[in-house]
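S.K.: So the chains spell out like this:
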Amino acid sequence: MNPRQEVIAGLYRARPRSALLRVTLLACAALGLGACWSVGDGLLELVRAERLGNLRRFLERDALPYPLREGPFRFATAWDWVSGLWAGGGREGALATLWIASSAIVLAAALGALLALLGSRVLAWREPFVSAGGRGEVLRGRAFVAASVRLCSVLARALPEYVLAFLLLGLLGSNAWPAVLALALHNAGILGRLGAETVENLDPAPLAALRIAGARRPALVLFGVVPAALGRYLAYFFYRFETCVREATVLGMLGIVSLGAAVQEARARQRYDELLFLVGVAGLLVLTVDLVSRVTRRWVER
Amino acid sequence: MLVLGLALLGASAAYRLGLDARGLLPREGGLRIARDFFAAALTPALDYEVARPSGSVPSFLSRLAGALWQTVLYAAAALSLALLPGLVLGCLASSSVWAADPMRMPSAGLRRCTARLVRGLLRLWIGMLRSVHELLWAAVLLAALGVSPATGVLALAIPLSGTLAKVFSELLDEASQKATRGVRSVGAGPLAVFAWGSLPTALPDMAAYTFYRFECALRTSAVLGFFGFPTRGYHLRAAFEVSRYREVWSYLYALILMVLLLELLGAALRRRFLA
Numbered sequence: 437m438n439p440r441q442e443v444i445a446g447l448y449r450a451r452p453r454s455a456l457l458r459v460t461l462l463a464c465a466a467l468g469l470g471a472c473w474s475v476g477d478g479l480l481e482l483v484r485a486e487r488l489g490n491l492r493r494f495l496e497r498d499a500l501p502y503p504l505r506e507g508p509f510r511f512a513t514a515w516d517w518v519s520g521l522w523a524g525g526g527r528e529g530a531l532a533t534l535w536i537a538s539s540a541i542v543l544a545a546a547l548g549a550l551l552a553l554l555g556s557r558v559l560a561w562r563e564p565f566v567s568a569g570g571r572g573e574v575l576r577g578r579a580f581v582a583a584s585v586r587l588c589s590v591l592a593r594a595l596p597e598y599v600l601a602f603l604l605l606g607l608l609g610s611n612a613w614p615a616v617l618a619l620a621l622h623n624a625g626i627l628g629r630l631g632a633e634t635v636e637n638l639d640p641a642p643l644a645a646l647r648i649a650g651a652r653r654p655a656l657v658l659f660g661v662v663p664a665a666l667g668r669y670l671a672y673f674f675y676r677f678e679t680c681v682r683e684a685t686v687l688g689m690l691g692i693v694s695l696g697a698a699v700q701e702a703r704a705r706q707r708y709d710e711l712l713f714l715v716g717v718a719g720l721l722v723l724t725v726d727l728v729s730r731v732t733r734r735w736v737e738r
Numbered sequence: 228m229l230v231l232g233l234a235l236l237g238a239s240a241a242y243r244l245g246l247d248a249r250g251l252l253p254r255e256g257g258l259r260i261a262r263d264f265f266a267a268a269l270t271p272a273l274d275y276e277v278a279r280p281s282g283s284v285p286s287f288l289s290r291l292a293g294a295l296w297q298t299v300l301y302a303a304a305a306l307s308l309a310l311l312p313g314l315v316l317g318c319l320a321s322s323s324v325w326a327a328d329p330m331r332m333p334s335a336g337l338r339r340c341t342a343r344l345v346r347g348l349l350r351l352w353i354g355m356l357r358s359v360h361e362l363l364w365a366a367v368l369l370a371a372l373g374v375s376p377a378t379g380v381l382a383l384a385i386p387l388s389g390t391l392a393k394v395f396s397e398l399l400d401e402a403s404q405k406a407t408r409g410v411r412s413v414g415a416g417p418l419a420v421f422a423w424g425s426l427p428t429a430l431p432d433m434a435a436y437t438f439y440r441f442e443c444a445l446r447t448s449a450v451l452g453f454f455g456f457p458t459r460g461y462h463l464r465a466a467f468e469v470s471r472y473r474e475v476w477s478y479l480y481a482l483i484l485m486v487l488l489l490e491l492l493g494a495a496l497r498r499r500f501l502a
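As given, the protein sequences belong to chains H and V, one line each in that order. Residue 485 in the working numbering sits at position 49 of the first sequence; the count goes up by one each step and never skips. Residue 243 in the working numbering sits at position 16 of the second sequence; the count goes up by one each step and never skips.
These are calculated hints, taken from the structure and not from any lab test. C-beta: ideal position from N, C-alpha, C; glycine also. Take these hints with a grain of salt, some might be off.
Covered stretches of chain V (in silico footprint by chain H; criterion: 3 or more residues with CB under 8 Å from a CB of chain H, positions within the stretch not fixed) [stated by the list, open to error]:
#1 286-299
#2 412-425
#3 463-469
#4 472-484
#5 488-498
Distance ranges between label pairs, derived from CB positions [claimed, not checked]:
#6 Ser-474(H) to Leu-337(V): 41 to 51 Å
#7 Gly-336(V) to Glu-528(H): 25 to 35 Å
#8 Leu-491(V) to Leu-488(H): 40 to 50 Å
#9 Leu-235(V) to Asp-516(H): 16 to 26 Å
According to the in silico footprint, chain V covers these stretches of chain H (three or more CB under 8 Å from chain V) [stated by the list, open to error]:
#10 576-585
#11 622-635
#12 658-668
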């Protein structure tokens with residue numbers, strides 16, 4: 437073996453290895469294969485004659501937009517069909533979806549900012565951001581509050597919005613609150629965690645200087661932490677806004693007014709062409725919001 | 228300024244919806260429901276609340292375990308189905324795979340044009356895959372194919388592949404330039420730079436993200452139960468509708484516990500992986 441190969445072999449032997457990683461990787465592969473195996477019958481069943489017949493009927497008859505079904509295509513009928521659907525549920529649903537998502541995300545951002553400030557470890561130090569290398573001395577009470585706030589935000593984001601909205605709907609009755617609250621709670625948990633991480637990763641030097649100059653905690657937060665962390669937090673805000681709109685489209689399926697409600701109605705009446713139209717509207721709405729929020733995010737981060 | 232504007236947006240949205248503080252009060256009879264519901268939180272059920280004739284149905288705990296297992300199966304099957312298309316689409320949509328070869332200047336213009344066109348179309352395609360929510364896909368697929376486990380798995384897998392593709396392509400483009408420059412400097416062509424430079428650099432992040440997506444898929448596959456698939460949501464809905472709140476809480480706790488465990492595992496992995 438020449439010295440070059442020896443070095444390479446040495447590097448290979450010294451590569452980082454982790455038992456946990458290997459076990460997890462194996463377990464994931466086994467789970468994936470096992471799951472495909474056990475649902476595999478179902479997957480094969482999809483190409484059976486009966487299912488294919490279903491699919492053909494769906495594509496050739498049910499899903500075909502009404503104006504294309506009989507006779508030659510006429511632009512006027514198509515326009516009537518589209519505008520009828522848009523006026524009869526599409527427009528209202530899309531707007532309601534947007535309103536639900538935006539009031540929920542604003543509520544979530546306010547709550548999440550609170551959670552982030554209370555939950556960040558650095559602010560629980562006796563002298564926030566002031567450290568001689570390593571971590572600062574911790575105030576017991578504040579650290580306890582921070583830990584329990586973090587636990588709350590974990591719990592808030594562990595439950596899916598849909599389940600949360602379903603439970604709230606049972607408790608509050610049917611108005612828009614269950615949808616807004618469910619989205620707001622879930623997203624407050626997420627924004628709280630992301631915000632806390634942002635605060636902990638801030639450049640400590642200017643903030644430590646503020647502290648040493650005698651700023652008390654509220655002043656430090658108001659004039660130091662908030663201005664420094666705001667840009668990042670707004671970027672997260674717009675990132676979650678898009679997911680919020682996506683989620684709000686389906687909350688209507690529970691009976692709250694949004695696009696989901698119109699979809700569910702079309703499903704119940706077995707008007708599958710209308711269903712496809714509404715699903716398309718939902719997709720376009722989310723796509724547009726995604727585009728807008730991406731542009732805004734870039735603008736905010738600059 | 229922006230913050231003020233956003234607050235105004237929220238307020239006007241709330242106004243449009245007709246939200247007021249009164250709506251927050253539980254509806255008639257809701258107060259009693261709320262009290263019963265939250266009282267049940269302390270004593271989640273370990274058995275059916277209403278005794279069933281023995282032998283005719285599986286015990287509550289085994290049904291709970293069964294529902295959990297189904298939820299995991301749906302999520303895992305969906306993720307393994309979505310991984311390959313996500314990977315392929317993600318690689319194709321990233322700009323680094325289309326990077327022009329600096330050695331061959333003459334063809335650069337045409338190449339850049341086609342690359343931009345293909346990438347734009349792919350991005351639109353990916354956006355369409357993922358902007359339609361899983362449950363809407365489920366509604367469409369149920370109408371087209373009828374109820375079967377595969378319908379649920381497909382409904383989870385389609386938007387999942389779109390999301391994976393989008394994030395993979397972004398991670399590939401953000402991959403550190405050090406590695407790619409190193410590979411290029413020994414004379415590798417663009418494809419080799421991608422395969423031995425960008426891809427290995429981004430791989431840990433991609434794996435971590437896939438793991439996080441599994442967590443999301445678990446949540447969504449639980450929700451699919453609301454549509455009649457045998458995951459947890461099905462039992463949760465049934466138990467809530469007949470006011471067996473202690474059973475509801477058992478399902479909720481099981482879901483929260485599962486997500487928490489996964490999150491801890493994910494955090495531990497990320498620490499070792501990305502250190």
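S.K.: Can you tell me if the segment 286-299 of chain V counts as covered by chain H, using C-beta to C-beta distances under 8 Å and a minimum of three residues?
M.R.: Since three or more residues must qualify, the claim that chain H covers the segment 286-299 of chain V is violated, with 1 doing so at under 8 Å.
S.K.: Could you tell me whether the CB distance from Gly-336(V) to Glu-528(H) stays inside 25 to 35 Å?
M.R.: Taking Cβ atoms as reference, Gly-336(V) and Glu-528(H) lie about 49 Å apart, which means the hint is violated.
S.K.: Just to make sure I understand the rule, a stretch counts as covered if three or more of its residues have a C-beta closer than 8 Å to a C-beta of the chain. Does the segment 622-635 of chain H meet that for chain V?
M.R.: violated (count 0)
S.K.: Counting residues of the segment 488-498 of chain V whose CB is closer than 8 Å to a CB in chain H, do you get three or more?
M.R.: Our answer is that it holds, as 4 residues pass the Cβ test (under 8 Å) against chain H, meeting three.
S.K.: Okay, the segment 576-585 of chain H and chain V, do three or more residues pass the C-beta test at under 8 Å?
M.R.: n = 0 at 8 Å, threshold three: violated.
S.K.: Quick one: see if chain H covers the segment 472-484 of chain V, three-plus residues with Cβ-Cβ under 8 Å.
M.R.: holds (count 4)
S.K.: Honestly, do Ser-474(H) and Leu-337(V) meet the 41 to 51 Å range at C-beta?
M.R.: Cβ of Ser-474(H) to Cβ of Leu-337(V): about 49 Å, so the range 41 to 51 Å holds.
S.K.: Do the beta carbons of Leu-491(V) and Leu-488(H) sit within 40 to 50 Å of each other?
M.R.: holds, 44 Å
S.K.: Per the coverage rule (Cβ-Cβ under 8 Å, at least three residues), is the segment 658-668 of chain H covered by chain V?
M.R.: Three-residue rule not met by the segment 658-668 of chain H, so violated; n is 1.
S.K.: When you take the CB atoms of Leu-235(V) and Asp-516(H), is the distance between them in 16 to 26 Å?
M.R.: At roughly 38 Å between Cβ atoms, Asp-516(H) and Leu-235(V) fall outside 16 to 26 Å, so the hint is violated.
S.K.: With a Cβ-Cβ cutoff of 8 Å, does the segment 412-425 of chain V contain at least three residues near chain H?
M.R.: That given contact is violated, which follows from only 0 residues of the segment 412-425 of chain V lying within Cβ reach (below 8 Å) of chain H.
S.K.: Tell me if chain H covers the segment 463-469 of chain V under the three-residue, 8 Å CB rule, please?
M.R.: Per the Cβ count (3), the hint holds.
In summary, the numbered hints that this structure violates are 1, 2, 7, 9, 10, 11, 12.
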